[in-house]
Amino acid sequence: MVKSAYSFATKKEKSENHIIVVWVDNEAGVLARVVGLFSGRGYNIDSLAVAEVDKKKNISRITIATSGTPQVLQQIRLQLGKLVPVHKVADFPINKKTLMREMALLKVVSSKPQLEKAKKLCQKYKYTLLDKTEKSFVFEVSALKKEIDDLIKKLQPLGLVSASRTGVVAMTKGSEIYKQH
Amino acid sequence: MANLMTGAEIVFKALEDQGVKHIFGYPGGAVLPIYDELKNHKNIKHILVRHEQGAGHAAEGYARSSGKPGVILVTSGPGATNAVTALTDAYMDSVPLVCITGQVPTHLIGTDAFQECDTTGITRPCTKHNWLVKDINKLSSVMHKAFEVATTGRPGPVLIDIPKDIQFQKGKYIKPKALKNNNSKTKIRFNGQDKDIEAAVELIKKSSKPIIYTGGGVINSGPGATQLVRELVSLTGFPITSTLQGLGAFPGNDQQFLGMLGMHGTYEANNAMHDCDLMINIGARFDDRITGKIDEFSPKSKKIHIDIDPSSINKNIKVDLALVGDVKFVLEELVSVFKQKHPNFENSNKQKIAAWWNQIGNWRKKNSLSYINSKEVIKPQFAVQRLYELTKAQDVFITTEVGQHQMWAAQHYKFDKPNRWMTSGGLGTMGYGLPAAVGVQVANPDKLVIDIAGEASVLMTMQEMSTAVQYKLPIKIFILNNEYMGMVRQWQELLHEKNYSESYTAALPDFVKLAEAYGCVGIRAKKPDELDEKIAEMLSVNKPVIFDCVVDKTENCYPMIPSGKPHNQMLLGKQDEEKDKISEEGKVLV
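Note that the protein sequences, when read in sequence, are chains F and E.
Be aware that the first sequence starts at 3, since it is given in this note's numbering, and climbs by one per residue.
Be aware that the second sequence starts at 6, since it is given in this note's numbering, and climbs by one per residue.
No wet-lab data here; the hints were simulated from the structure.
For clarity, every value in this text was computed on a predicted model and none was experimentally measured.
Positions of the beta carbon are idealized from the N, C-alpha and C atoms, including for glycine.
Don't take each hint at face value.
[Unchecked claim] Here are the simulated PhoX-like pairs of lysine-lysine, each with C-alpha atoms no more than 20 Å apart in a straight line:
| hint | chain 1 | residue 1 | chain 2 | residue 2 |
| --- | --- | --- | --- | --- |
| 1 | E | K298 | E | K323 |
| 2 | F | K59 | E | K143 |
| 3 | E | K298 | F | K14 |
| 4 | F | K14 | E | K323 |
| 5 | E | K422 | E | K397 |
| 6 | E | K344 | E | K355 |
| 7 | F | K99 | F | K175 |
| 8 | F | K16 | E | K323 |
| 9 | E | K200 | E | K307 |
| 10 | E | K143 | F | K58 |
| 11 | F | K128 | F | K109 |
[Claimed, not checked] Looking from chain E toward chain F, a few residues come up when the C-beta cut is under 10 Å (computed):
| hint | residue |
| --- | --- |
| 12 | R129 |
| 13 | P130 |
| 14 | N135 |
| 15 | L137 |
| 16 | K139 |
| 17 | K150 |
| 18 | R159 |
| 19 | D314 |
| 20 | P315 |
| 21 | S317 |
| 22 | I318 |
| 23 | N319 |
| 24 | K320 |
| 25 | K323 |
[What the hints assert, rightly or not] Listed below are several chain F residues computed to face chain E (Cβ distance under 10 Å; list not exhaustive):
| hint | residue |
| --- | --- |
| 26 | R35 |
| 27 | Q76 |
| 28 | Q81 |
Work out the full structure: start from the sequences and follow the hints.
As structure tokens, then:
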């Protein structure tokens, strides 16, 4: 018998994938506050992208791909909203109204024909050949997360030696922007 | 040219402008410049504790009994880490604290310098916010902001980490009112709309089995909120119950009060919570000690939840109507709209809820707080009851440690005013009560302050007796001494086949001699018939007292909702234990 259990989750609700976008003051420790909130409360982070977006106002935009039950997702929004350096929190549903992109750098080391094969695979997506030697190609690919997952899987047998991904970033379609509540 | 001040001067100037009269602290290398400045500020009194955790709990007691923020000043490294338990405690129980820590000089940060630790990193999850001040010109605005964050919205602890070189540097001081407040988070009054209030009024009108359930949020909202709760209860004629932290918001001996609810709450309060058709939660957070088994929590009720913290809504229990705001402001609207729409409701509605009151009356007949008294040995419940009877004529402030004695105090000591009951609820910190009593007595110098304690808890922070003696704080430490960690022993008895693993304390000190060693008064009571006389003796001493009340070693705290059970399946006492009401699954729950 496990004596350390705290309690048992009895109702199993379905987990959903969401993208949470947080606008924060770009100050020391702010990312630790956001990430610490996730780890401390047991929320998931599938990917994370963060950079300053407004130099004048000193605002950074953090994009977090996460998953959880509707109740957990609501808690994530509300708990983030309480942090002092957080200005606003948006919950982007993963549907046709949301634009999503992830960028990856992919290095393939292989023979000429294999490299050409790899290039062909990348052509399916928006890609740039960033670097080229006799033995290697480095591609820049920008696509949906799932597409990059697929591509990586297919490139592996062709000599993929290194993959670097940014994590997903997102934006709403059309003229609207996200306003706080 | 504005006058430039040193960082240490700015700290004190800001404390003065924030109205601080007392700080609790302990000096050390990295805060010496601030301590050096103390002599120039006679209007701020420093209370020297014996351990930084004690400073934190004393500041909590000070804050909770006065409604003002508590201030702590400690050094870097171990000074800061020792304060972490108190900060976490304050975070869980929403107590406003401002903790100032010294830090190694900025150029040494990150070098593993002597007494260096990552204070802001360590305290990030146990404060509302914290700051490491690396620029002297930001120090005054950070100080003011810290007080604002600590005391507004849902109150809580904040921490300001000040490197030693910043304490020496000179910079400009900015007064609090010169700062622009652009943070809407701190200014929560009531965010809802009229239609929400009307919906609440409608639910109240429709209900035939209502219950009001209040929590610490009522106390935190201030005396105005307490008055409004009382008005709502009398306007509606509804029964009311309270969480541990809410005790005192409503008079404990009023007929409409059902006593505390939750794991060790009364039979009537828990059954009323389970069977009600309307629950009005005012400033409570559906904590797991309150709800019992979530799936079977109050299955038939509509739930209204008033809370200042939006993240408290639907966190544990889904509610039908949320009113996010400061209790006082929400109730002001609710009560005024209600009075306008339904004048004379109490009388016109009496008939409708008569059957419900009747049912509550039947539950009350179980007399769930009763116990079998003894002539030979002092029963702990009896000790708390006698303490209550002999002190109730005075304005008493009670603190507690954590465990059985805490629950007996909550059950048998009746409060009729807010801010008179200081206990560690969320974190459950053993060792809270003694230093908290120190802080309460500092804030309320002429009042009677009693720590109802257990002998195991009180030993965790016993060193603060020395603080009480130094500042002539006549706190009374009333120890229900059963030589066991009583609540641990109780769980081992009920859930671990009476394997009393490490819950007995051999070699306890002689508390009377210990009191004398500290320079205060020790009193011991061993028999029920000497209890009153000894309590009277304790009350007559104008010095700190350690009262060693030797009680029944094996008494258990009832009633009890066993883990994994809903509200309507309580254990009432020995007889229920034997019927094996605790399931195998229940045994694994905390």
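Verification of the hints:
A hinted pair counts as satisfied when its Cα atoms are at most 20 Å apart, and K298 (chain E) with K323 (chain E) qualifies at roughly 14 Å. A C-alpha spacing of about 17 Å is found between K59 (chain F) and K143 (chain E), which places the hinted pair at or below 20 Å, so the restraint holds. Taking the CA atoms of K298 (chain E) and K14 (chain F), the gap is near 15 Å; set against the 20 Å cutoff, the hint holds. With a C-alpha separation of about 15 Å, the suggested pairing of K14 (chain F) with K323 (chain E) holds against the 20 Å cut-off.
Annotation: proposed proximity of K422 (chain E) to K397 (chain E) holds, straight-line Cα distance about 12 Å (limit 20 Å). Taking the CA atoms of K344 (chain E) and K355 (chain E), the gap is near 16 Å; set against the 20 Å cutoff, the hint holds. A threshold of 20 Å between alpha carbons decides the hint, and for K99 (chain F) with K175 (chain F) the separation of about 6 Å falls inside it, so the pair holds. At most 20 Å may separate the alpha-carbon atoms for a hinted pair to count; K16 (chain F) and K323 (chain E) meet this at roughly 16 Å.
With a C-alpha separation of about 17 Å, the suggested pair K200 (chain E) and K307 (chain E) falls inside the 20 Å cut-off, and the hint holds. With a CA separation close to 19 Å, the supplied pair K143 (chain E) and K58 (chain F) stays within the 20 Å bound. For the hint linking K128 (chain F) to K109 (chain F), the alpha-carbon distance of about 16 Å falls within 20 Å, and the restraint holds. Look at R129 (chain E): its Cβ gets to within about 6 Å of chain F, closer than 10 Å, so that hint holds up.
A cut of 10 Å between beta carbons decides the hint on P130 (chain E): the least distance to chain F is about 5 Å, and the hint holds. Using the Cβ-Cβ criterion of 10 Å, the hint placing N135 (chain E) at the interface with chain F is satisfied: the shortest such distance is roughly 8 Å. Restraint check, L137 (chain E) versus chain F: the minimum CB separation of about 7 Å is within 10 Å; hint holds. A distance limit of 10 Å between C-beta atoms decides the matter here; for K139 (chain E) the minimum to chain F is near 8 Å, and the interface restraint holds.
Here the hint on K150 (chain E) is kept, as its CB sits about 8 Å from the closest CB of chain F, short of 10 Å. About 8 Å separates the beta-carbon of R159 (chain E) from the nearest beta-carbon of chain F, less than 10 Å, and the hint is met. Proximity of D314 (chain E) to chain F holds as hinted, the smallest CB-CB distance being about 7 Å (cut-off 10 Å). For P315 (chain E), the suggested interface contact is upheld, since its CB lies about 5 Å from the closest CB of chain F, less than 10 Å.
Hint status for S317 (chain E): holds, given a least beta-carbon distance of 9 Å to chain F, under 10 Å. Hint on I318 (chain E) holds. Least Cβ distance to chain F is approximately 8 Å, under the 10 Å limit. Hint status for N319 (chain E) relative to chain F: holds, with the closest Cβ pair at about 6 Å, below 10 Å. With a cut of 10 Å, the hint placing K320 (chain E) at the interface with chain F holds, because the nearest CB-to-CB distance is about 6 Å.
Given hint, K323 (chain E) at the interface with chain F, holds; its Cβ is 8 Å from that chain's nearest Cβ, closer than 10 Å. Hint status for R35 (chain F): holds, given a least beta-carbon distance of 6 Å to chain E, under 10 Å. The interface hint given for Q76 (chain F) is met, as the beta carbon of that residue sits about 6 Å from the closest beta carbon of chain E, less than 10 Å. For Q81 (chain F), the interface hint holds, the least distance from its beta-carbon to any beta-carbon of chain E being 5 Å, beneath 10 Å.
Hint check: no violations occur; every hint is consistent with the structure.
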